[in-house]
Amino acid sequence: MRNVYVLGTGMIKFGRYPDKTVPQLGGEAALLALKDAGISIKDVEMFACGNLMQSNAMVGQRILQQVGQTGIPVINVANACATGSTAFREAYISVGAGMYDIAMAVGVEQMGKAGLLGGAGGGDPAYLTEGKLGSGTMPAVFGQAGIEHMRKYGTKLEHFAKISVKSHKHATKNPFSQYRNEVSLEDVMNARMVGFPNTLYMCCPTGDGAAAAILVSEDKLKQLAGGRKRAKVAASILTSDPWTDRDLTLPDVSTLTRRASKQAYEKAGLGPKDIALTELHDCFATAELVHYENLGLCGDGEAGKFIDEKGGVHPSLGGHAPVNVSGGLLSKGHPLGATGVANICEVVWHLTQDDRAKDRQVPNAKAGQAHVIGLGSACTIHVLTV
Amino acid sequence: MAEQAQATDTGPRPIVPWLKLTPKPHLEALKCACGAMYLDPKRVACSKCGASDKFNPITLSDKGKVYVFSVVHQSYPGIKTPYVTVIVDLPEGISVRANLTEVDALEAQKEPNKIFNLPVELTTAVASKDREGHDVIAFSYRPSKN
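Order-wise, the sequence lines are chains H and R. Each residue of the first sequence is one higher than the one before, starting from 1 at the first, in our numbering. Each residue of the second sequence is one higher than the one before, starting from 1 at the first, in our numbering.
Derived by calculation from the structure, the hints in this document are not laboratory data. Think of the CB as a built atom: it goes at the ideal place given N, C-alpha and C, for glycine as much as any other residue. Where hints are given, some of them may not hold.
[Unchecked claim] Rough simulated footprint, nothing fancy, chain R against chain H, three-plus residues with beta-carbon under 8 Å:
no. : region
1   : 141-153
2   : 184-194
3   : 246-258
Please work from the sequences and hints to get the whole structure.
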């Protein structure tokens with residue numbers, strides 16, 4: 001594989017855009033990324049588009065029908081919440097493999113107020129089983145994943161709540177974030193319970209959004225970057241859920257993340273201590289807590305201590321292992337297909353001292369990672385370096 | 001014969017195919033020679049070892065222990081909350097997703113340690129009626145009574 005670089009990025013503020021279409025949202029992000037790269041759509045040789053909820057509707061082509069029908073190959077990607085990051089990876093592969101020199105990835109989603117999401121309780125049933133054979137709603141499923149940590153290590157509701165406090169605080173510094181309000185520990189703990197232990201503020205919102213990236217080969221980087229600092233894709237990993245004892249009953253979001261993480265660190269030649277910032281898949285506070293350990297940011301069983309900020313190394317901005325300085329899915333929002341590209345944009349902005357991260361800039365960031373889980377399951381990890 | 005078929009047709013329906021209602025309600029699974037077990041009775045192959053021809057049906061115990069739970073406060077329209085959703089580990093080595101009934105959901109939240117490893121037993125109830133008017137039977141677990 002050749003070296004691949006991110007020449008340009010673009011993202012629209014996550015929120016609600018009932019008056020716009022999915023191709024319009026994606027097209028806006030694409031134009032921002034092209035402008036940031038300093039190229040035109042006519043320079044793009046390949047386009048991978050990530051969108052989940054209209055995945056049968058040729059969203060990539062419809063974006064080009066908004067921004068430039070150049071006749072290039074387009075692939076439409078769906079991979080649950082890892083949809084955007086998988087599209088980014090397809091663009092990365094096509095440049096890395098030497099097939100193309102300039103590729104574009106867009107992640108876009110318009111969810112409106114889509115509600116709880118998630119399937120029926122019992123899996124592939126003839127009758128509706130939600131509430132009758134347990135629950136398949138996302139707050140409950142990820143609640144159980146957090147409870148598993150509680151069972152193993154005595155983790156408390158307060159530990160999960162602190163994650164939400166941290167992420168909301170981060171989001172106040174991110175103009176691209178859907179929500180930018182601070183919440184106190186009491187606010188989080190006393191908020192309406194959705195699926196124990198996840199209260200309202202421990203659940204990511206639904207919403208609309210789009211993000212885009214332009215990926216180029218080293219030769220093109222030299223031609224086009226004009227001396228601007230640009231991030232390299234040091235690892236692009238995708239895993240699916242391997243067979244584990246309970247995976248088919250209680251989706252195991254840990255094993256495939258641990259496998260991806262090991263591969264990502266090996267491929268990038270880095271360890272957790274080298275990572276200046278991590279954007280990880282905090283669809284629920286319970287998910288963020290288990291991924292601290294899955295990504296090696298702290299030891300097994302230490303996630304509670306890690307968020308307590310008693311260990312010297314903690315996940316807040318200003319700590320040694322900041323996590324979700326964008327505000328995370330909890331505050332920045334989680335328009336499903338957009339998330340994976342948006343997370344990469346965030347990491348890139350810190351590595352290149354981009355103005356778009358100026359109020360929350362992680363100092364001396366030389367390497368960062370973006371992790372996404374698509375339940376069902378897919379895991380992507382991208383490590384970026386400068 | 002026709003009368004018999006019709007008589008069967010008016011009977012209750014299990015909500016999922018792995019729930020069997022006779023001779024008494026119980027769960028069935030497929031067990032692969034490699035040890036992996038699946039609730040889905042129409043499985044194509046074993047996703048642990050890949051074998052497609054080494055399955056045998058097994059009857060699962062009606063008793064197990066709670067592995068983890070959540071308390072659902074917000075569900076889909078028309079579904080009464082709160083309720084306790086559990087993952088139950090059965091002695092055969094398979095896990096089942098179900099509701100935990102006959103416990104206080106809010107108490108469960110306050111003292112999760114009382115729910116972990118709780119011995120439970122299978123119980124059934126009418127969950128709804130299908131379009132033809134048959135009772136649809138669902139299973140849940142409740143704290144073991146003996």
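Hint by hint, here is what the structure shows:
1. 141-153: holds (count 7)
2. 184-194: Satisfied; 3 residues make the cut.
3. 246-258: holds (count 4)
This entry satisfies every hint, going by the numbered hints stated previously.
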